[in-house]
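The chain contents come next:
2 protein chains.
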Amino acid sequence: MEFGPKMIPLPKGFTVAGVRCGLKNKRNDLGLIVSESPATAAGVFTTNNVRAACVDYSREAVAAGTLRAIVVNSGNANCCNGEQGVRDTARMAELTGQELNIDAKSIAVGSTGVIGHLLDMSKVEKGIKEASTKLGVDARAFMDAILTTDLIEKWAWTTPGNSEVVSPQSLAQRPFTAGEDALMIGFAKGSGMIAPNMATMLGYVITDLDVTGLDISRILKRVADQSFNCVTVDGDTSTNDMLIVMANGASGKVATEEVFEAALKAVCVSLAKQIARDGEGATKLVEIRVTGTSDPKKIARTIGESPLVKTAMFGCDPNWGRILMAAGRAGVPFKTTDVRLVLSAGDEEHVLFEDNAPASFDAKRVSSSLKSDHVLIDLNLGEGETATVYTCDFGYGYVRINAEYHT
Amino acid sequence: MEFGPKMIPLPKGFTVAGVRCGLKNKRNDLGLIVSESPATAAGVFTTNNVRAACVDYSREAVAAGTLRAIVVNSGNANCCNGEQGVRDTARMAELTGQELNIDAKSIAVGSTGVIGHLLDMSKVEKGIKEASTKLGVDARAFMDAILTTDLIEKWAWTTPGNSEVVSPQSLAQRPFTAGEDALMIGFAKGSGMIAPNMATMLGYVITDLDVTGLDISRILKRVADQSFNCVTVDGDTSTNDMLIVMANGASGKVATEEVFEAALKAVCVSLAKQIARDGEGATKLVEIRVTGTSDPKKIARTIGESPLVKTAMFGCDPNWGRILMAAGRAGVPFKTTDVRLVLSAGDEEHVLFEDNAPASFDAKRVSSSLKSDHVLIDLNLGEGETATVYTCDFGYGYVRINAEYHT
Numbered sequence: 591m592e593f594g595p596k597m598i599p600l601p602k603g604f605t606v607a608g609v610r611c612g613l614k615n616k617r618n619d620l621g622l623i624v625s626e627s628p629a630t631a632a633g634v635f636t637t638n639n640v641r642a643a644c645v646d647y648s649r650e651a652v653a654a655g656t657l658r659a660i661v662v663n664s665g666n667a668n669c670c671n672g673e674q675g676v677r678d679t680a681r682m683a684e685l686t687g688q689e690l691n692i693d694a695k696s697i698a699v700g701s702t703g704v705i706g707h708l709l710d711m712s713k714v715e716k717g718i719k720e721a722s723t724k725l726g727v728d729a730r731a732f733m734d735a736i737l738t739t740d741l742i743e744k745w746a747w748t749t750p751g752n753s754e755v756v757s758p759q760s761l762a763q764r765p766f767t768a769g770e771d772a773l774m775i776g777f778a779k780g781s782g783m784i785a786p787n788m789a790t791m792l793g794y795v796i797t798d799l800d801v802t803g804l805d806i807s808r809i810l811k812r813v814a815d816q817s818f819n820c821v822t823v824d825g826d827t828s829t830n831d832m833l834i835v836m837a838n839g840a841s842g843k844v845a846t847e848e849v850f851e852a853a854l855k856a857v858c859v860s861l862a863k864q865i866a867r868d869g870e871g872a873t874k875l876v877e878i879r880v881t882g883t884s885d886p887k888k889i890a891r892t893i894g895e896s897p898l899v900k901t902a903m904f905g906c907d908p909n910w911g912r913i914l915m916a917a918g919r920a921g922v923p924f925k926t927t928d929v930r931l932v933l934s935a936g937d938e939e940h941v942l943f944e945d946n947a948p949a950s951f952d953a954k955r956v957s958s959s960l961k962s963d964h965v966l967i968d969l970n971l972g973e974g975e976t977a978t979v980y981t982c983d984f985g986y987g988y989v990r991i992n993a994e995y996h997t
Numbered sequence: 591m592e593f594g595p596k597m598i599p600l601p602k603g604f605t606v607a608g609v610r611c612g613l614k615n616k617r618n619d620l621g622l623i624v625s626e627s628p629a630t631a632a633g634v635f636t637t638n639n640v641r642a643a644c645v646d647y648s649r650e651a652v653a654a655g656t657l658r659a660i661v662v663n664s665g666n667a668n669c670c671n672g673e674q675g676v677r678d679t680a681r682m683a684e685l686t687g688q689e690l691n692i693d694a695k696s697i698a699v700g701s702t703g704v705i706g707h708l709l710d711m712s713k714v715e716k717g718i719k720e721a722s723t724k725l726g727v728d729a730r731a732f733m734d735a736i737l738t739t740d741l742i743e744k745w746a747w748t749t750p751g752n753s754e755v756v757s758p759q760s761l762a763q764r765p766f767t768a769g770e771d772a773l774m775i776g777f778a779k780g781s782g783m784i785a786p787n788m789a790t791m792l793g794y795v796i797t798d799l800d801v802t803g804l805d806i807s808r809i810l811k812r813v814a815d816q817s818f819n820c821v822t823v824d825g826d827t828s829t830n831d832m833l834i835v836m837a838n839g840a841s842g843k844v845a846t847e848e849v850f851e852a853a854l855k856a857v858c859v860s861l862a863k864q865i866a867r868d869g870e871g872a873t874k875l876v877e878i879r880v881t882g883t884s885d886p887k888k889i890a891r892t893i894g895e896s897p898l899v900k901t902a903m904f905g906c907d908p909n910w911g912r913i914l915m916a917a918g919r920a921g922v923p924f925k926t927t928d929v930r931l932v933l934s935a936g937d938e939e940h941v942l943f944e945d946n947a948p949a950s951f952d953a954k955r956v957s958s959s960l961k962s963d964h965v966l967i968d969l970n971l972g973e974g975e976t977a978t979v980y981t982c983d984f985g986y987g988y989v990r991i992n993a994e995y996h997t
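So the sequences go chain by chain: A and B. Residue numbering for the first sequence follows this note's numbering, beginning at 591 and increasing consecutively. Residue numbering for the second sequence follows this note's numbering, beginning at 591 and increasing consecutively.
Just chain A, with the same shape it has in the complex (with noise of 0.2 Å):
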């Protein structure tokens, strides 16, 4: 079967559902996921002290092992909001495992948008019950439904055992042909680490893999902290952020550890990618990857989260003082006669700094070609491990969308 950039496959044995219930102006605002066997389940969360009601509801839900279903909302993050939130969220599982019938246990909660305010539950009540009679394949209604600030839809699928992974931007490219095999798909919104006071950076992973015997919780976190992990927009850790996979089985396919992981993987790159592109304001992606020193990964992150790199790229100014100096108050030690500084973008590659001193480039040129939509800084400081870090630039929409906004 060929898949156009219209068609969105969805593993054996799931269904999914988006309606407006009226929380959001005009788009759909609440999604469900339904497996119809329990599917075995794991999920990391936000690691932000103060969290949102719905994530200390899922992680509970997950420690058990499976799921049924996952009802999520946007529009509202029911955050901050006190013995009420937490209610209003057992209520959302309790109203979706009536109407699918379903235990309210297995049924993971999720919520993004505004912080602090109460849930309209008549609302939401209405959006659970019709979203359960409209399950189906409508991929693209569900994820309306999650979406907040986001620009762009974010999906990723892949047959497991086949290294390709389909996007967005792949479909855009050409079409897909896939034929009965087993199915991985991945959903994902966020515009920041946090959204303009519009919490939240979700991710749903599904697949009809069959995954007895394995530990997904401890892969789900090994690929986590290879992918969502090492996305940073703002540097700001949302209050409402969650990962979860369910693997239902449904198509008989047995995986092993290393099908499984590395179509995970595969899957949940992708999408970081796209977060990172899709960020506020961004006009590109910019890929970070740091080698050596003890530490590499607080590296590429400082220099991602620093507003002078980014600044610095939105300009398309090849600006490498700024990319030593972000590294440098990392807090990890290196010797700058270690040094080697590349700037990959469109089909050039220029190396800035070498050898303790400033490589010699053409300035306009490398300013030139920083306007593609995908920068690499490639940073070498000695031996050792290579981490990367997805971000996006910082430019004026960033500003106007994060300070025009009013609660």
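Wrong hints could be hidden among the right ones.
Note that the list lumps identical chains together, so a pair holds whenever it fits in one copy or between two copies.
With a straight-line cut-off of 20 Å between C-alpha atoms, the simulated EDC-like cross-links for lysine to aspartate or glutamate are [what the hints assert, rightly or not]:
#, residue 1, residue 2
1, 961, 994
2, 811, 693
3, 843, 968
4, 716, 684
5, 954, 994
6, 925, 673
7, 954, 805
8, 843, 626
9, 925, 646
Calculated from the structure, these hints are not laboratory results.
Assemble the complex: chain A is given as a structure, and chain B must be docked to it using the hints.
Using the frame of chain A, we list chain B on its own:
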């Protein structure tokens, strides 16, 4: 004697100069501070792993315990220039020593400006010669020589033992009368922890107090932790930061530790606030006061560096959800049930969150009060110590300055 806005006094036994040697356009770019006798000295320096040569040179000069002079240039940070940079810094001290007939090792060197370009030493040499012939009491000429993207000059002085600090802001309100007392004055520059590609926070404090018997290094470190180290504009730590104090005893007044420390703290806190208020693109000073938890300063700093909080302040939006989100991600445990958040701006004080729930407040009125040029975010998280951080808001101006500047 009465001091109006245009007059800046110097302590006895100090002379200064500022001249234009051509490193910067149209403004002074080379400055000198000279003490007629060896002054007891102490310094604190950037912790950035990528450091300018002048930082290492000055640290060593200060370690000897006394200084005769400080030579500083703007327009070029002389950073990341390898061995040539190290030689040029030493040459600046050597030339100054020759002109003033003092030991080059008794001279601290400061540089601020663009990273990664060699100093034009013929210009620097000319500047040092000229400045040496112009030593006098024109503090304004000196200050002009150390500024980069700063919009306003930053200085603060006090007569030790007197709690009043005189700054450009206070003098604009009323003149100040001082007698023939000992004097302490500080000069600073810095429009970000790092200014746009023109590195650096510089601070120089000079006094004619006699500090015999005092450990001024220890005192300076304590004071820096409560003043300059509480400033964050963009979280980016410069490669050239330095704060040096010189006390030459010319007033004959012997200082107790209490008097010296109180005066130094008053001057440094005033300068720190002046730097935050003049942050790149800033429209207001934002003071963040956090009480309670095991590390209130870490929480205050995380709030102060959050782009979402800073854009909300720019937009005059009382977006308390972002403040709690930032506090929560600082990695310091607290309970949301203990949170009390108060915003003060203009003459008004508004409780935004308490008793584990949003307080009821008039959002329009709070927003209107946020138009003030000084906002205090007061976050109480329970019993314990209080820490204060000084920052500014974050608007289009920051992006303009940092994205449109080209190397």
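Results for each hint:
no.: 1; hint: 961 x 994; verdict: between (27 Å within a copy, 14 Å between copies)
no.: 2; hint: 811 x 693; verdict: neither (26 Å within a copy, 60 Å between copies)
no.: 3; hint: 843 x 968; verdict: neither (39 Å within a copy, 57 Å between copies)
no.: 4; hint: 716 x 684; verdict: within (13 Å within a copy, 80 Å between copies)
no.: 5; hint: 954 x 994; verdict: between (34 Å within a copy, 14 Å between copies)
no.: 6; hint: 925 x 673; verdict: between (52 Å within a copy, 14 Å between copies)
no.: 7; hint: 954 x 805; verdict: neither (51 Å within a copy, 52 Å between copies)
no.: 8; hint: 843 x 626; verdict: within (17 Å within a copy, 86 Å between copies)
no.: 9; hint: 925 x 646; verdict: between (44 Å within a copy, 15 Å between copies)
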